[in-house]
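> One-letter residues, chain by chain:
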Amino acid sequence: MKSLTEYLTFEVKTRRAFVNITNDVRDLVVKSKVKEGLCLVNAMHITASVFINDNEGGLLHDYEKWLEGLAPHEPTNQYDHNKTGEDNADAHLKRQVMGREVVIAITNGELDFGPWEEIFYGEFDGKRPKRVLVKIIGE
Amino acid sequence: MKSLTEYLTFEVKTRRAFVNITNDVRDLVVKSKVKEGLCLVNAMHITASVFINDNEGGLLHDYEKWLEGLAPHEPTNQYDHNKTGEDNADAHLKRQVMGREVVIAITNGELDFGPWEEIFYGEFDGKRPKRVLVKIIGE
Amino acid sequence: MKSLTEYLTFEVKTRRAFVNITNDVRDLVVKSKVKEGLCLVNAMHITASVFINDNEGGLLHDYEKWLEGLAPHEPTNQYDHNKTGEDNADAHLKRQVMGREVVIAITNGELDFGPWEEIFYGEFDGKRPKRVLVKIIGE
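Chains as they are written, first to last, in our numbering: chain D, 1 to 139; chain W, 1001 to 1139; chain Z, 2001 to 2139.
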């Protein structure tokens, strides 16, 4: 069994952002030399997500607006978590809707993707360096 | 390490539907001859889900109604994504709530399931052929 | 390839609760002797979740309140599922928001976690024994 472990670091300039990381992951699949296996990609921080969806700017804006409706940032004192001095409780909630991780099949040495699948890092409490883990196992 | 890769195709006649795919996946576990391992089942389209829950018609109806409340189809012009000519932005949102994929343990050559676990394909933008990937690795 | 399969049982005294199971999983990683691999942790019941987030009491209370807003328990007759004699339809919905499972990388024989990642069992219909599956594969 082969395995590869890599850490990607992202520092977005805004509180919230979506970053397309598909090519980063694709490069690591090549580097791993795994032909048949599984690729785990997960946020290592609990106010961020990794998810798979469409690389279309309008949709990413829809996600932003929708998540703000489901778990509003303001007023920050509506959340008990923010009594700790944080103001990011909403980010912990948004991350649960979008998910922590994706697991992707590797077939014939490539991410086995449908036509529109792209991998995104979803940042909900940015302005600082945060990591994504890529773990590949297989043969 | 053994591995198996298969693609299931579904074409539902309605915009939204839930299809029980448990037996399809079970058959593939047998075919794989994997006794101990992991089974990934994921939608290959970004307006569909694979999830595990109860095979009970009332509950599936509750999901349908609940998701429509969280991310309504109408009015379609509330979503930027639909400015591209699509009308399926809501399907992209619903899919995030229900999830893209499940990872299931294989133990003694079988899906290692609790008493009520069943695997569903959740379609949120149907009326066309769409695929689900099953990837099994193990020994 | 090594593998390990274990079942954890939880019986919480209340309808809803969050239980930190990080140390249980950590112990199983040691027991598995896997140095590089994947660890799947999933609820075996469809009214419970396994998720990764912050071990902070205020946040867990925020989740409880937020989920109750997204999928209220009362009135129980708003859900078709409850016509079967159950009163737990809301628990099936809450579980979808928080997720069934997590997949965690094992690197150098340890859970490869960011600084604040902790694993929780989320119970949404308790007062009875329910199981969590831990499956580890790797080398």
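No lab work stands behind these hints: they were computed from the structure.
One or more of the hints may lead you astray.
As the list claims (entries may be wrong) - Simulated pairs of lysine-lysine, DSS-like, Cα-Cα distance not exceeding 30 Å:
| no. | chain 1 | residue 1 | chain 2 | residue 2 |
| --- | --- | --- | --- | --- |
| 1 | D | Lys65 | Z | Lys2002 |
| 2 | W | Lys1035 | D | Lys35 |
| 3 | D | Lys65 | W | Lys1127 |
| 4 | D | Lys2 | W | Lys1002 |
| 5 | D | Lys33 | D | Lys127 |
| 6 | D | Lys130 | D | Lys31 |
| 7 | W | Lys1002 | Z | Lys2031 |
| 8 | W | Lys1031 | Z | Lys2065 |
| 9 | W | Lys1013 | Z | Lys2033 |
| 10 | Z | Lys2031 | W | Lys1065 |
| 11 | Z | Lys2002 | W | Lys1031 |
| 12 | D | Lys83 | D | Lys130 |
| 13 | Z | Lys2013 | W | Lys1002 |
| 14 | W | Lys1033 | Z | Lys2065 |
| 15 | W | Lys1013 | D | Lys33 |
| 16 | Z | Lys2002 | D | Lys83 |
| 17 | D | Lys35 | W | Lys1002 |
| 18 | D | Lys31 | W | Lys1035 |
| 19 | Z | Lys2031 | W | Lys1033 |
| 20 | D | Lys130 | Z | Lys2035 |
| 21 | Z | Lys2031 | D | Lys2 |
| 22 | D | Lys65 | W | Lys1035 |
| 23 | Z | Lys2013 | W | Lys1033 |
| 24 | D | Lys2 | Z | Lys2083 |
| 25 | Z | Lys2033 | Z | Lys2002 |
| 26 | Z | Lys2002 | D | Lys33 |
> Is the hinted pair W:Lys1035 and D:Lys35 satisfied, with a Cα-Cα distance of at most 30 Å?
Given that 30 Å is the threshold and the Cα spacing comes to 21 Å, the pair holds.
> Verify the proposed pairing of Z:Lys2031 with W:Lys1065, using a straight-line Cα cut of 30 Å.
Distance ~44 Å between Z:Lys2031 and W:Lys1065 Cα, so the pair is violated.
> Is the Cα-Cα distance between Z:Lys2033 and Z:Lys2002 30 Å or less?
Roughly 8 Å separates the two Cα atoms, so the pair holds.
> Taking 30 Å as the top limit, are the C-alpha atoms of Z:Lys2013 and W:Lys1033 close enough?
Judged against 30 Å, a Cα distance of about 41 Å means the pair is violated.
> With the threshold set at 30 Å, check whether the alpha-carbon distance from Z:Lys2031 to D:Lys2 stays at or below it.
Holds, because 21 Å separates the two Cα atoms, which is no more than 30 Å.
> CA of D:Lys83 to CA of D:Lys130, is that 30 Å or under?
Roughly 23 Å between the alpha carbons, so the hint for D:Lys83 and D:Lys130 holds.
> Straight-line Cα separation of D:Lys65 and Z:Lys2002 no greater than 30 Å?
violated (45 Å)
> Run the distance test for Z:Lys2002 versus W:Lys1031: straight-line Cα separation, threshold 30 Å.
Within the cut-off at roughly 21 Å; holds.
> CA of D:Lys130 to CA of Z:Lys2035, is that 30 Å or under?
holds (25 Å)
> Sort out whether D:Lys127 lies within 30 Å of D:Lys33, counting only the CA atoms.
violated (34 Å)
> Taken at face value, is the distance from the CA of D:Lys33 to the CA of W:Lys1013 at most 30 Å?
violated (41 Å)
> Please verify whether D:Lys2 and Z:Lys2083 have alpha carbons no more than 30 Å apart.
violated (51 Å)
Violation of the numbered hints given earlier is confined to hints 1, 5, 8, 9, 10, 13, 14, 15, 16, 22, 23, 24; the remaining hints are satisfied by the structure.
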